[in-house]
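Undergrad: So the chains spell out like this:
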Amino acid sequence: MTPDSDAPIIELRGFRYTYLEGTPRANEAIRDVSFEIRRGERVAIVGPTRSGKSTVVDSFAHLLRLKRGQVFYEGEDVGAPGYDRGMLRRKIGMVFQRPDSQLIEDVVGADVAFGPTAAGIGAEETRRRVEESLNSLGLPYPEFRLRYVHALSGGQRRRVAIAGVIAMRTPVLVLDEPMAGLDPRGRRELLGLLRRLADDRDLTLVVCSASLGDASLLCDRVVVLDEGRVVMDGPLREVLREADALAALDVTLPEPVNGALELRKLFPDLPADLLTEEELEAELLKRLDVA
Amino acid sequence: MLELQRNVVFGQFVDTGSVIHRMDPRIKLAAMFVMLVASFLIDSFLGFAVALLLVVLIQVSSLIPLGYVLRGSAFFLGFLLFVLLFQVLFYPGEVPESGYLWRWGILSISTEGLRSAGILGLRVIFLYYVTTMLMLTTSLVDLTNGLELIFGPLQRLRVPVNELVLVFVIAIKFVPIFIEEVERLARAQTARGVPFDEGGAFTRARRLGRLLVPIFISGFHRADLLSIAMHTRCYRGGRYRTKFRQMSARPSDWAILALVVVWMLAAWQV
Chain L
3 MTPDSDAPII
13 ELRGFRYTYL
23 EGTPRANEAI
33 RDVSFEIRRG
43 ERVAIVGPTR
53 SGKSTVVDSF
63 AHLLRLKRGQ
73 VFYEGEDVGA
83 PGYDRGMLRR
93 KIGMVFQRPD
103 SQLIEDVVGA
113 DVAFGPTAAG
123 IGAEETRRRV
133 EESLNSLGLP
143 YPEFRLRYVH
153 ALSGGQRRRV
163 AIAGVIAMRT
173 PVLVLDEPMA
183 GLDPRGRREL
193 LGLLRRLADD
203 RDLTLVVCSA
213 SLGDASLLCD
223 RVVVLDEGRV
233 VMDGPLREVL
243 READALAALD
253 VTLPEPVNGA
263 LELRKLFPDL
273 PADLLTEEEL
283 EAELLKRLDV
293 A
Chain V
1391 MLELQRNVVF
1401 GQFVDTGSVI
1411 HRMDPRIKLA
1421 AMFVMLVASF
1431 LIDSFLGFAV
1441 ALLLVVLIQV
1451 SSLIPLGYVL
1461 RGSAFFLGFL
1471 LFVLLFQVLF
1481 YPGEVPESGY
1491 LWRWGILSIS
1501 TEGLRSAGIL
1511 GLRVIFLYYV
1521 TTMLMLTTSL
1531 VDLTNGLELI
1541 FGPLQRLRVP
1551 VNELVLVFVI
1561 AIKFVPIFIE
1571 EVERLARAQT
1581 ARGVPFDEGG
1591 AFTRARRLGR
1601 LLVPIFISGF
1611 HRADLLSIAM
1621 HTRCYRGGRY
1631 RTKFRQMSAR
1641 PSDWAILALV
1651 VVWMLAAWQV
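Which chain is which? The protein sequence lines are L and V, in order. Its first residue numbered 3, the first sequence is counted upward by one per residue in this note's numbering. Its first residue numbered 1391, the second sequence is counted upward by one per residue in this note's numbering.
To be clear, the hints were calculated from the coordinates, so they are not data collected in a lab. Where a beta carbon is used, it is the ideal one built from N, C-alpha and C, also for glycine. Check before you lean on any hint, since a few could be wrong.
[Claimed, not checked] Listed next, the in silico EDC-like pairs over lysine to aspartate or glutamate satisfying Cα-Cα at most 20 Å (straight line):
no.: 1; chain 1: L; residue 1: Lys69; chain 2: V; residue 2: Glu1393
no.: 2; chain 1: L; residue 1: Lys93; chain 2: L; residue 2: Asp34
no.: 3; chain 1: L; residue 1: Lys93; chain 2: L; residue 2: Glu145
no.: 4; chain 1: L; residue 1: Lys69; chain 2: V; residue 2: Asp1405
no.: 5; chain 1: L; residue 1: Lys93; chain 2: L; residue 2: Asp108
no.: 6; chain 1: L; residue 1: Lys69; chain 2: V; residue 2: Glu1553
[To be verified] Sample of chain L residues with no beta-carbon within 12 Å of chain V, all distances over it, derived:
no.: 7; residue: Val167
no.: 8; residue: Met170
no.: 9; residue: Val176
no.: 10; residue: Val232
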C-alpha cells in the first residue's frame, strides 16, 4: 500500500483508552477523541492534568495497546495486523515529559547516536547527524559529546533528549510538556530553538501543555481536551476568543490574554484573542482615544 | 506493549471497603502468622485443599475480583512451575525401584518426586496467596501500625522495631512504583527504536536489561527524596509517635481469628 498523499499525516477516529483495563484500578483516560493533523501543521494539545493529553500523543506512535478506535498515519491504520510499528516510530519523534526516561546511553554523543544507529544508518552519516543535532540545540558538539548524561542539568537533559529525536529526522515531532521545570531563560531559549527547528525542517509539530502561554508561541492550532474528550479545536485566535471557558478548564492563558480579561473590568468589549503585548497595547490605545 | 501493572498484583492495595479491609490490621497479621505456621505443618494434598479453601473464602469476601488476582499471578505461577520442574527431575530423596516412571542419567521422574514437588508447590502458592490477600486488603499505614504494635514490646530489648518495620513496608510498597517506572521507561525507549513489543522471549528479556541502569538511578533518587521528605517533616520513629487513628479489634475480628486458627488446625489434622 502506498501512503495516500492527500490523507492527513495523523488521524484519530473514535479513539478510546482505559488504563489498567480489567482491574479494580481501571481508569478511563480517553472517552472519545477524533481529530486529524495535516502535514506541516503546528498543533497544541491543551488541557488540565488528567485530561488525556499524554495518552493521545502516545497513541500516535502506537505506544499503547490500541483497542477501541483507530489511529492512522498517512492514511494507514497503525493498529492493523502486520503494520510496521518500527517504521512508524522512525517517523514520529517523541519527546516525553521526563527526559530521563528516554535517555538510553550514558554519554551524550552515544545517546543521540542511538536512534540513527538502531535505524541502520551508517557511522559517518550518524556522526554528522549527532553533531548537527547537538549544535542546533545549543549544545556544542565538541564540548558535550563525551559528557555524562546524568551529570547534566534538567534543561540540558531535555535538550539531549530532543537532539536524540531530531537526529532521527522524523517528519513529526511530538513534545510532551517541553517547558515544564525550566526557568524563564531556559524556556525562552528552548522556545527559540524549537521554533527555528520547526521552520528549518518543515516539521509537523505537536505540543502538549497545560499552559496555552507556551503553546501559543509555537503553534497555530489548538485542540483542547477535557476528561478525555475534545472540547475545542480550531485556529489559535479562534480558541482564544473563548478565554473564559479555557480559564474555567484551568488552562493557563498567555499573559496578554490574562491582562485583557482583567482589563475587561474597565473595557468590557476588550477582545481576548491577543497574542502579544503590542496587540493588547494597541487595543487599549484605541479605546483610550475614544474616551 | 509492556503492561506489567495490569499483570502484576504483588504489593498492590485495592480498596473495596469490604469486611476484610475494615478488620484490625493486627488481627489480620496474626491470622497470617497462624497460616504461615500452618503452611509448614500441613503435609498432605487434602490439607492444602482445605487451607486454600479458606483463602478463597477470604478472597470472595474481600470483593476483589478473582480474575484480577489470577492474571496478576500468572508470571509468578509460571516461574514456580519452572522451579518445580527441577524439583521433580533432580529429586534427591530415597525412591524405591518401583517408584520410577522415567529415568535418563541423573534425571528421573518418580512418584515420590512428583509428590514432594506438588506439596512444595502448594505450600508456596498458599503462602503467596495469603500474603497477596493481606497486601491487597491492607493499606500501607495500617500495615505499618499493625506491625509496630505487634512487635512493639521488643523495643524494650533495644530492637529498632519501628525502623525495621518501616524499611520492610517501604520495600514492599516500592514494588508497584518500580513497575510503573519500568513501564514508563519501556514506552519511552520503544519510541526511540528499542522495540519492547517485538521479538522472541529471549530478545525481549535482554532488552529489559537496558532498563536496569535508569531504574537503579531513579530508585536511589526516589529513596533520597523520600528520606529528605521525612526529615523535613521531622519524622521520628518509635515511641515518640502518637497515632491519629487508634486501632481497636472488634469481637467479630477475634471471631475471624478464632475461625482461622480452627480451620488451620483442621487442615493440619485431616
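Undergrad: The structure should be examined with respect to each hint, and the outcome stated for every one.
TA: Checked hints:
Distance check on the hinted pair: L/Lys69 and V/Glu1393 sit about 14 Å apart at the alpha-carbon level, within 20 Å; holds. Between L/Lys93 and L/Asp34 the CA atoms are separated by roughly 25 Å; this puts the pair beyond 20 Å, and the hint is violated. Note on L/Lys93 and L/Glu145: the hinted pairing is violated, with a Cα-Cα distance of about 29 Å set against a maximum of 20 Å. Of the supplied pair hints, the one linking L/Lys69 and V/Asp1405 is violated, its CA atoms being roughly 27 Å apart against a limit of 20 Å.
Pair hint L/Lys93 plus L/Asp108 does not hold up; C-alpha atoms about 25 Å apart against a cutoff of 20 Å. A C-alpha spacing of about 46 Å is found between L/Lys69 and V/Glu1553, which places the hinted pair above 20 Å, so the restraint is violated. Under the 12 Å C-beta cut-off, the non-interface status given to L/Val167 relative to chain V is violated; the minimum distance is some 8 Å. Listed as a non-interface residue, L/Met170 fails to keep its Cβ farther than 12 Å from every Cβ of chain V; the least gap is roughly 8 Å.
A beta-carbon of chain V is positioned within 12 Å of the beta-carbon of L/Val176; the least distance is around 9 Å. For L/Val232, the shortest C-beta to C-beta distance to chain V comes to about 23 Å, beyond the 12 Å cut-off, and the non-interface label holds.
Of the numbered hints listed earlier, those contradicted by the structure are 2, 3, 4, 5, 6, 7, 8, 9.
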